[in-house]
Amino acid sequence: MAEPSAATAAAPAGADRTVPVTTADVADAPASTAAIYRALLRAQVRAQASYRASFALDLASNVIFLGADLLTVLVLFHQVPALAGFTLAESLLVFGLAALGFALADLAVGNIERMKQHVRTGLLDAVLIRPLGVLSQLLVLDLGVRRVGRVITSTAVLAVAAYQAGVRPTPANLLLLVVTPLAGAVFFGSVFVATATVAFWWVESGELSAALTYGGRDFTSYPMTVYGGWFRHLMAFGLGFGLVAYYPALILLGRPDPIGAPAWLGWCGPLLALAAAALAALVWRTGVRHYRSTGS
Amino acid sequence: MNVIETRELRKEFSVRVRRGLLRRERRTVAAVDGVDLTVQRGELLGYLGPNGAGKSTTLKMLTGVLHPSGGRVTVCGLTPVPQRIQLARRIGVVFGQRSQLWWDLPLRDSFELLRHIYRVPGGEHAARLRRCRDLLDLDEFLDTPVRQLSLGQRMRGELTAALLHGPQILFLDEPTIGLDVVSKQAVRGFLAELGERGDTTIVLTTHDLADIERLCRRIVVIDHGRVVHDGGIDALHARYGSQRRVVVDFDVAPAAPPVLPGVHLESATGPRLVFTLDGSASVGTLVSALTALGGLRDLSVAEPEIEEVIARLYRH
Chain F
1 MAEPSAATAA
11 APAGADRTVP
21 VTTADVADAP
31 ASTAAIYRAL
41 LRAQVRAQAS
51 YRASFALDLA
61 SNVIFLGADL
71 LTVLVLFHQV
81 PALAGFTLAE
91 SLLVFGLAAL
101 GFALADLAVG
111 NIERMKQHVR
121 TGLLDAVLIR
131 PLGVLSQLLV
141 LDLGVRRVGR
151 VITSTAVLAV
161 AAYQAGVRPT
171 PANLLLLVVT
181 PLAGAVFFGS
191 VFVATATVAF
201 WWVESGELSA
211 ALTYGGRDFT
221 SYPMTVYGGW
231 FRHLMAFGLG
241 FGLVAYYPAL
251 ILLGRPDPIG
261 APAWLGWCGP
271 LLALAAAALA
281 ALVWRTGVRH
291 YRSTGS
Chain Y
1001 MNVIETRELR
1011 KEFSVRVRRG
1021 LLRRERRTVA
1031 AVDGVDLTVQ
1041 RGELLGYLGP
1051 NGAGKSTTLK
1061 MLTGVLHPSG
1071 GRVTVCGLTP
1081 VPQRIQLARR
1091 IGVVFGQRSQ
1101 LWWDLPLRDS
1111 FELLRHIYRV
1121 PGGEHAARLR
1131 RCRDLLDLDE
1141 FLDTPVRQLS
1151 LGQRMRGELT
1161 AALLHGPQIL
1171 FLDEPTIGLD
1181 VVSKQAVRGF
1191 LAELGERGDT
1201 TIVLTTHDLA
1211 DIERLCRRIV
1221 VIDHGRVVHD
1231 GGIDALHARY
1241 GSQRRVVVDF
1251 DVAPAAPPVL
1261 PGVHLESATG
1271 PRLVFTLDGS
1281 ASVGTLVSAL
1291 TALGGLRDLS
1301 VAEPEIEEVI
1311 ARLYRH
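Protein sequence lines, in the order shown, are assigned to chains F and Y.
Residues 1 to 296 in this note's numbering are what the first sequence spells out, letter by letter.
Residues 1001 to 1316 in this note's numbering are what the second sequence spells out, letter by letter.
Honestly, the hints are just simulated from the structure, not real lab data.
All residues carry an ideal CB built from backbone N, CA and C; glycine is no exception.
Take these hints with a grain of salt, some might be off.
Said to hold, decoys possible - Facing chain F, according to a computed beta carbon distance under 8 Å, are these residues of chain Y, among others:
1) Phe1013
2) Gly1064
3) Ile1085
4) Arg1089
5) Phe1095
6) Arg1098
To be verified - Computed spacing ranges between beta-carbons, pair by pair:
7) Ser293(F) <-> Tyr1314(Y): 21 to 31 Å
8) Asn1002(Y) <-> Ala34(F): 29 to 39 Å
9) Glu1005(Y) <-> Thr294(F): 21 to 31 Å
10) Ala1127(Y) <-> Ala34(F): 20 to 30 Å
11) Leu234(F) <-> Glu1025(Y): 31 to 41 Å
12) Ser61(F) <-> Gln1097(Y): 30 to 40 Å
13) Arg1131(Y) <-> Ser32(F): 22 to 32 Å
14) Leu234(F) <-> Tyr1314(Y): 52 to 62 Å
15) Gly1232(Y) <-> Ala34(F): 42 to 52 Å
Looking at chain F on its own, in the form it has when it is part of the complex:
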């Protein structure tokens, strides 16, 4: 496959070389869908890396953002030895699971917030006249590669917290450590897509969207026992945020739930993720249908 090197992509302005297309590059057969998306993804990385300074700054700022959230937790524990029955390391485990899930979702679909721009610039039309899925194209064409910085730091926080909190490395625990952030990513990603779609096509509901995405992340970042009453019930069970990090963390820590929920809840993250993804897909399809009938 013809892949101009990264150096070519980052060539300075007005680079005026004529490189002939070699026939060896184009002799291969048509690609699979996965290969198409890999090519699109690589192009996106090359495109963003072509602005070197800005790319480096963005990457750094994403690390700093997570640092700020982390600092909040650390400062809190500087004042109190335990938070609603959880030690610092235990709290960080919850924080890490939530942060990694969120960071993965933000990396993959966070830019869907820019739906309005995609319509204005005609990207949505361009995507509709190509023989590929609409949402997947939009996501890969607008992927914020710099957000990979947050994924890396969240992974580090999660690893350190799991070690410090004394999570036993049993096969079940290791599986849960991998599955939970992935399910969290699908869940947060679905919330992103669904709220961005609703916000774009029907109501200006930026606040609602932020409450569910960033608010949801903040809720899941702490042991649920710090919250009280109806709010906890709504967020944890009504909207499912409890299954993203808190209940899996209880299994990892080998602790019973102080609120009294059964332990198997911690394994229900993937089910929640599937349900959320199905709902988001439905909302998205309705949104696209709406665009195609109203043109706006």
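With chain F's structure known, arrange chain Y on it following the hints.
Frame of chain F; chain Y shown alone:
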């Protein structure tokens, strides 16, 4: 074989109109209001109309971007919206004011990515790209990031991008908008060549009437969402009373200008006379009559401008 068929094609948009401080009223506006269109394979069709006439909306319905509110539409034997993906492989689209290319990457990379997206076999892709490189002189900017291309260079890139998968129909929405004269000619020349080969159907919307005169044998004029003319340029002239004009200079102003059926004396200023001729009147008869007067110094015949014809059409 018909590659495009529409029957009573309609598209309505609902717009909110303010009525007073809080009250809003919903009103339905028909952007496309019952368009019947049949396009055969290999045709080069000009689709004209003033701003807001419904040209782009029609194009969006033909390409599967928008869902019609009413009527039927078949393109390449497919129904555009439900069969969007199959249709996408058979058509190429160039939106003059929008880009299909990857802004931050060299032009070459966009072509390569499109090869993947449309799953074009390597050999076919290379052959089509080679052709476009030759005809559109792409080589000098093939390695320049798209954001640094001039509008003319970018448009040549867009045309190539729309053709690399060998579409049966090429839709162009104002492809020459904003281009300089040289680039316009390059684009027109390329499209004319493509049209002559006869296997690609081309549907073109434009405001540039030179595009139409150079390229299209058939023009469809749309106004307020309805087709007001469908036929050749000659038919348009005949139907909307295009008038040829004859300007004559004499040595001395003639005492009695000739009076002939279908010929009108538009002005007589000193030794210069200007006649306008209806479609049926003969220039030859007028010229003989003028020569008979004697003292004829100069004579010129001006063919009607398509601009005038179209302008008259829009005013109806």
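Quick rundown of the hints versus the structure:
1. Phe1013: Holds, because the Cβ-Cβ distance from Phe1013(Y) to chain F comes to roughly 6 Å (cut-off 8 Å).
2. Gly1064: holds, 7 Å
3. Ile1085: Constraint on Ile1085(Y) satisfied, holds at 5 Å.
4. Arg1089: For Arg1089(Y), the interface hint holds, since the closest Cβ of chain F sits about 5 Å away, which is under 8 Å.
5. Phe1095: holds, 6 Å
6. Arg1098: holds, 4 Å
7. Ser293(F) <-> Tyr1314(Y): 21 to 31 Å: holds, 29 Å
8. Asn1002(Y) <-> Ala34(F): 29 to 39 Å: holds, 37 Å
9. Glu1005(Y) <-> Thr294(F): 21 to 31 Å: For Thr294(F) against Glu1005(Y), whose Cβ atoms are near 25 Å apart, the range 21 to 31 Å holds.
10. Ala1127(Y) <-> Ala34(F): 20 to 30 Å: For Ala1127(Y) and Ala34(F) the Cβ distance comes to about 27 Å; the hint holds.
11. Leu234(F) <-> Glu1025(Y): 31 to 41 Å: For Leu234(F) and Glu1025(Y) the Cβ distance comes to about 38 Å; the hint holds.
12. Ser61(F) <-> Gln1097(Y): 30 to 40 Å: Given range 30 to 40 Å: holds, Cβ gap about 34 Å.
13. Arg1131(Y) <-> Ser32(F): 22 to 32 Å: With Cβ atoms ~27 Å apart, the hint holds.
14. Leu234(F) <-> Tyr1314(Y): 52 to 62 Å: holds, 60 Å
15. Gly1232(Y) <-> Ala34(F): 42 to 52 Å: Check passed, 50 Å falls within 42 to 52 Å.
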